[in-house]
Amino acid sequence: MQPTRALLGMRYRKLRLTTKDVNKGYYKGTGSGSMGRHTKHGGYIIDWSKVRTYVVPPLEGFKLTPFVSKAIQRVHGQFDSAAGPRDPNTYLSRWKAENGFD
Amino acid sequence: MASPAAIRPSVGAALHSCRTASVGYGLRPLGAAPSRIHAAGISTTASMMKRHKYPGARDNKDHNKTRGESALRRTGTRWRLSVSDEPLPKPVAPEDLVPVETDPNHGLWEFFASREAAVSPPAEDAKHGRGWMVEELRGKSWEDLHKLWWVCVKERNRISTASYDRNRNSLGFGDAEARARDNEVKVTMRGIKHVLTERQYAWEDAVKLAENDPEIDLSGDGPVFTPSEFLEEEVEETAEVEEVDAKELALDGAESVKWTPDAAAAAPPPSEPKAQGEAPRL
Numbered sequence: 001m002q003p004t005r006a007l008l009g010m011r012y013r014k015l016r017l018t019t020k021d022v023n024k025g026y027y028k029g030t031g032s033g034s035m036g037r038h039t040k041h042g043g044y045i046i047d048w049s050k051v052r053t054y055v056v057p058p059l060e061g062f063k064l065t066p067f068v069s070k071a072i073q074r075v076h077g078q079f080d081s082a083a084g085p086r087d088p089n090t091y092l093s094r095w096k097a098e099n100g101f102d
Numbered sequence: 103m104a105s106p107a108a109i110r111p112s113v114g115a116a117l118h119s120c121r122t123a124s125v126g127y128g129l130r131p132l133g134a135a136p137s138r139i140h141a142a143g144i145s146t147t148a149s150m151m152k153r154h155k156y157p158g159a160r161d162n163k164d165h166n167k168t169r170g171e172s173a174l175r176r177t178g179t180r181w182r183l184s185v186s187d188e189p190l191p192k193p194v195a196p197e198d199l200v201p202v203e204t205d206p207n208h209g210l211w212e213f214f215a216s217r218e219a220a221v222s223p224p225a226e227d228a229k230h231g232r233g234w235m236v237e238e239l240r241g242k243s244w245e246d247l248h249k250l251w252w253v254c255v256k257e258r259n260r261i262s263t264a265s266y267d268r269n270r271n272s273l274g275f276g277d278a279e280a281r282a283r284d285n286e287v288k289v290t291m292r293g294i295k296h297v298l299t300e301r302q303y304a305w306e307d308a309v310k311l312a313e314n315d316p317e318i319d320l321s322g323d324g325p326v327f328t329p330s331e332f333l334e335e336e337v338e339e340t341a342e343v344e345e346v347d348a349k350e351l352a353l354d355g356a357e358s359v360k361w362t363p364d365a366a367a368a369a370p371p372p373s374e375p376k377a378q379g380e381a382p383r384l
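Chains A and B supply the protein sequences, listed in that same order. With the working numbering, letter number 6 in the first sequence gets 6, and the count goes up by one each step, no holes. Just so we're on the same page, the working numbering is the position in the second sequence counted from 1, plus 102.
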């Protein structure tokens with residue numbers, strides 16, 4: 001069997017490598033992520049801690065939408081320190097005021 | 103007896119020719135071979151050796167055995183088949199078909215903006231606000247942000263389904279409006295991720311700060327937070343409690359105080375019950 005004529009000669013070498021190219025050692029993923037590990041016999045053992053699970057909360061009665069009315073002006077936050085929203089002192093004092101006691 | 107196959111006629115042909123040869127001169131049995139008998143050069147049968155054309159015959163026949171047969175026009179076959187007598191089932195006419203039952207509460211309906219139209223028109227798609235600002239999301243709880251995220255995911259699925267349908271069926275304009283709507287949803291989702299990341303980093307830094315905070319005890323035994331003002335207040339409180347009426351003590355068995363720096367400074371008498379409904383602090 002022959003490859004397609006368009007790919008003969010040096011033209012194939014200019015294309016990007018795919019998962020089917022190169023004899024050994026070359027691994028190219030497909031963007032799906034690692035879900036486990038390979039066995040030496042060619043099998044695959046799934047590691048369930050690596051498998052993605054999606055936790056969707058119940059959305060009944062939830063009134064917020066992805067959009068905000070354009071009539072509401074955009075107002076940026078105002079903060080005391082240069083760190084702004086990430087300032088640990090602000091976080092700590094708010095915690096003490098609101099959440100210090102269980 | 104070995105003889106080359108090429109010159110050996112088949113058994114049938116040989117017998118046939120022998121039979122005709124054994125009959126007397128002038129008498130020919132019915133169905134006999136024609137008078138001119140010749141040995142075939144190859145292995146063959148008598149019927150194959152018969153001449154099917156007389157000299158000078160014209161070929162009038164239409165050699166297309168399936169002429170006139172059409173599945174689209176339902177002509178049926180030209181020749182009888184082995185299944186011609188078998189009663190074949192007839193398909194139900196389209197007007198007699200029973201309509202498919204659908205579940206009005208099926209989850210897949212949520213992939214569509216409306217049930218009447220497959221794709222909402224661009225004017226409807228354009229009716230949306232702006233995406234959430236990060237400052238607006240900062241005030242939201244984890245539960246609200248989690249639910250808002252999934253509302254955004256479902257909206258993006260709806261937009262994507264509509265775009266796919268619009269392109270597949272060439273329904274016309276609407277792609278630009280859909281993309282604008284999608285961009286606003288993505289802005290909201292980006293903001294949610296930003297807020298949660300920010301909270302995580304702030305918490306991590308606050309934990310580091312808390313390790314050096316005298317009011318906070320992270321060892322695990324005893325209360326985590328003991329405000330310094332409270333500790334100073336305790337000395338005064340014990341003195342006041344001795345003076346307080348026994349009746350008040352019996353009534354206010356569980357005193358509740360919400361600690362704030364300002365409130366502690368003002369130091370109202372501990373026997374006053376607070377309205378907040380906080381858990382009693384012993």
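Rather than coming from a laboratory, the hints here were simulated on the basis of the structure. Mixed in with the good hints there might be a few duds.
As a list, the in silico SDA-like pairs of lysine to any residue whose alpha-carbon atoms are at most 20 Å apart [what the hints assert, rightly or not]:
| id | chain 1 | residue 1 | chain 2 | residue 2 |
| --- | --- | --- | --- | --- |
| 1 | B | K242 | A | Y27 |
| 2 | A | K63 | B | S330 |
| 3 | B | K242 | A | K40 |
| 4 | B | K249 | A | T65 |
| 5 | B | K249 | A | H76 |
| 6 | A | K96 | B | K249 |
| 7 | B | K288 | A | G84 |
| 8 | B | K242 | A | G31 |
| 9 | B | K295 | A | F67 |
| 10 | B | K256 | A | W95 |
| 11 | A | K63 | B | M235 |
| 12 | B | K242 | B | S262 |
| 13 | B | K249 | A | F67 |
| 14 | A | K96 | B | S330 |
| 15 | B | K310 | A | P58 |
| 16 | A | K63 | B | K310 |
| 17 | B | K310 | A | W95 |
| 18 | A | K96 | B | K295 |
| 19 | A | K96 | B | R258 |
| 20 | B | K295 | A | K40 |
| 21 | A | K63 | B | S184 |
| 22 | A | K96 | B | M235 |
| 23 | A | K63 | B | V255 |
| 24 | A | K40 | A | Y54 |
| 25 | B | K310 | A | K40 |
Residues from chain B that keep clear of chain A, each with C-beta distances beyond 10 Å, as calculated [stated by the list, open to error]:
| id | residue |
| --- | --- |
| 26 | N166 |
| 27 | S172 |
| 28 | P206 |
| 29 | P224 |
| 30 | G231 |
| 31 | W234 |
| 32 | R240 |
| 33 | D246 |
| 34 | L250 |
| 35 | A278 |
| 36 | V287 |
| 37 | L298 |
| 38 | K310 |
Using N, Cα and C, we set each Cβ at its ideal position, and we do this for glycine too.
So, going through the hints one by one against the coordinates:
Between K242 of chain B and Y27 of chain A, the direct Cα distance comes to roughly 44 Å. Violation of the 20 Å bound is thereby established for this hinted pair. With a C-alpha separation of about 42 Å, the suggested pair K63 of chain A and S330 of chain B falls outside the 20 Å cut-off, and the hint is violated. For the given pair, K242 of chain B sits about 50 Å from K40 of chain A by alpha-carbon distance, which is inconsistent with the 20 Å threshold. Annotation: proposed proximity of K249 of chain B to T65 of chain A holds, straight-line Cα distance about 10 Å (limit 20 Å).
Between K249 of chain B and H76 of chain A the alpha-carbon distance is near 24 Å, which puts this suggested pair outside the 20 Å criterion. Of the pairs offered as hints, the one joining K96 of chain A and K249 of chain B is violated, with about 27 Å between alpha carbons and a cut-off of 20 Å exceeded. At roughly 24 Å between alpha-carbon atoms, K288 of chain B and G84 of chain A are farther apart than 20 Å, so this suggested pair is violated. Restraint check for K242 of chain B and G31 of chain A: the C-alpha separation of about 33 Å exceeds 20 Å, so the hint is violated.
At most 20 Å may separate the alpha-carbon atoms for a hinted pair to count; K295 of chain B and F67 of chain A meet this at roughly 16 Å. Taking the CA atoms of K256 of chain B and W95 of chain A, the gap is near 34 Å; set against the 20 Å cutoff, the hint is violated. About 17 Å separates the Cα atoms of K63 of chain A and M235 of chain B, which keeps this hinted pair within 20 Å; it holds. Annotation: proposed proximity of K242 of chain B to S262 of chain B is violated, straight-line Cα distance about 28 Å (limit 20 Å).
A threshold of 20 Å between alpha carbons decides the hint, and for K249 of chain B with F67 of chain A the separation of about 14 Å falls inside it, so the pair holds. As the CA atoms of K96 of chain A and S330 of chain B are separated by approximately 12 Å, the hinted pair is consistent with the 20 Å bound. For the suggested pair K310 of chain B and P58 of chain A, the alpha carbons sit about 35 Å apart, so the restraint of at most 20 Å is broken. Simply put, K63 of chain A and K310 of chain B have alpha-carbon atoms about 37 Å apart, too far for the 20 Å limit, and the pair is violated.
Taking the CA atoms of K310 of chain B and W95 of chain A, the gap is near 14 Å; set against the 20 Å cutoff, the hint holds. The hinted pair formed by K96 of chain A and K295 of chain B fails the criterion: a straight-line CA distance of about 25 Å is larger than 20 Å. Between K96 of chain A and R258 of chain B the CA atoms are separated by roughly 39 Å; this puts the pair beyond 20 Å, and the hint is violated. At roughly 40 Å between alpha-carbon atoms, K295 of chain B and K40 of chain A are farther apart than 20 Å, so this suggested pair is violated.
Distance hint between K63 of chain A and S184 of chain B is unfulfilled; the C-alpha atoms sit about 69 Å from each other, more than 20 Å. The suggested pairing of K96 of chain A with M235 of chain B is violated, with an alpha-carbon distance near 27 Å, which exceeds 20 Å. Taking the CA atoms of K63 of chain A and V255 of chain B, the gap is near 15 Å; set against the 20 Å cutoff, the hint holds. Between K40 of chain A and Y54 of chain A the CA atoms are separated by roughly 31 Å; this puts the pair beyond 20 Å, and the hint is violated.
Taking the CA atoms of K310 of chain B and K40 of chain A, the gap is near 45 Å; set against the 20 Å cutoff, the hint is violated. With a least beta-carbon separation of about 39 Å from chain A, N166 of chain B lies farther than 10 Å from that chain, consistent with its non-interface assignment. Taking the minimum C-beta to C-beta distance to chain A, about 39 Å, the non-interface status of S172 of chain B holds against the 10 Å cut. No Cβ of chain A approaches the Cβ of P206 of chain B within 10 Å, the least distance being about 17 Å, so the stated non-interface status holds.
Remark: the non-interface label on P224 of chain B is consistent with the geometry, its nearest Cβ contact in chain A lying 17 Å away (cut-off 10 Å). Against the 10 Å criterion, G231 of chain B falls within the reach of chain A, whose nearest CB is about 4 Å from its own CB. At roughly 5 Å from the closest C-beta of chain A, the C-beta of W234 of chain B falls inside 10 Å, breaking its exclusion from the interface. Listed as a non-interface residue, R240 of chain B fails to keep its Cβ farther than 10 Å from every Cβ of chain A; the least gap is roughly 6 Å.
Once the 10 Å rule is applied to beta carbons, D246 of chain B is inconsistent with being away from chain A; the minimum gap is 7 Å. L250 of chain B, annotated as away from the interface, has a beta carbon of chain A within 10 Å; the closest lies near 5 Å. Once the 10 Å rule is applied to beta carbons, A278 of chain B is consistent with being away from chain A; the minimum gap is 18 Å. Not every beta carbon of chain A lies more than 10 Å from that of V287 of chain B, the smallest distance being close to 5 Å; the non-interface claim is violated.
Listed as a non-interface residue, L298 of chain B keeps its Cβ farther than 10 Å from every Cβ of chain A; the least gap is roughly 12 Å. At roughly 7 Å, the least C-beta separation between K310 of chain B and chain A is not larger than 10 Å, which violates its mark as non-interface.
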